[in-house]
Amino acid sequence: MIRAAGVSEVTDADFTTEVIGSALPVLVEFTADWCPPCRQMGPVLSALAAEEGERLKVVQLDVDTNPETTNAYKVLSMPTFMVFRDGEPVRSMVGARPKRRLLAEIEDAL
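Those letters in the sequence shown? Residues 13 to 122, per the numbering used here, in order.
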C-alpha cells in the first residue's frame, strides 16, 4: 500500500486498538493501491495529519489485505473516509475531495 507521509496504517488485527480504542477521534481512509483517487488523497491526508494531529488521528486501511474491517463497515467504494469517535463511526464520506472540504465535513465530529 502506498502510505501517506505521517499517516499510520491500520489492519484487521489492530483496528480495535488503534481506532476503536483511540482517545482522539480517528479519520480512517479505506484505500487500495489500484485506486487513483486514493493516491490523490495522500498529500491531503499527510497535511491533515500534520496540522490536526493534536485533535485528530489519521490512519489508512488497505481494503485488499483487510477484508474483515472493510466488510464490517460495509465499505464498497474507494476511497471511503470514516470518522470514529469514542469507538463509533460518526461520519462517512465517499470519494476524493480537497483538504478544505474534507476538514469542513469532519469538523463537527472532532
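In short, the hints are calculated from the structure, not lab data.
On a predicted model such as this, the values are computed, not experimentally measured, just so you know.
Note that the Cβ used here is the ideal one computed from N, Cα and C, for glycine as well.
Treat the hints with care, as some may be off.
Unchecked claim - Distance windows between CB atoms, simulated: (1) Gly99 / Gly65: 14 to 22 Å; (2) Arg112 / Thr23: 27 to 35 Å; (3) Arg67 / Trp46: 18 to 26 Å; (4) Pro110 / Ala17: 16 to 24 Å; (5) Pro48 / Gly99: 12 to 20 Å.
**OP:** Go ahead and decide if the range 27 to 35 Å is satisfied by the Cβ distance of Arg112 to Thr23.
**Re:** Given range 27 to 35 Å: holds, Cβ gap about 30 Å.
Subject >> Pro110 versus Ala17 beta-carbon gap, inside 16 to 24 Å or not >> reply: holds (18 Å)
Original post:
When you take the CB atoms of Gly99 and Gly65, is the distance between them in 14 to 22 Å?
Top reply: holds (20 Å)
**OP:** Could you see if the CB distance from Pro48 to Gly99 stays within 12 to 20 Å?
**Re:** Since Pro48 and Gly99 have Cβ atoms about 32 Å apart, the given range 12 to 20 Å is violated.
**OP:** May I ask you to test the hint 18 to 26 Å on the CB atoms belonging to Arg67 and Trp46?
**Re:** Cβ of Arg67 to Cβ of Trp46: about 32 Å, so the range 18 to 26 Å is violated.
Hint compliance for this structure: hints 3 and 5 are not met, and every other hint is.
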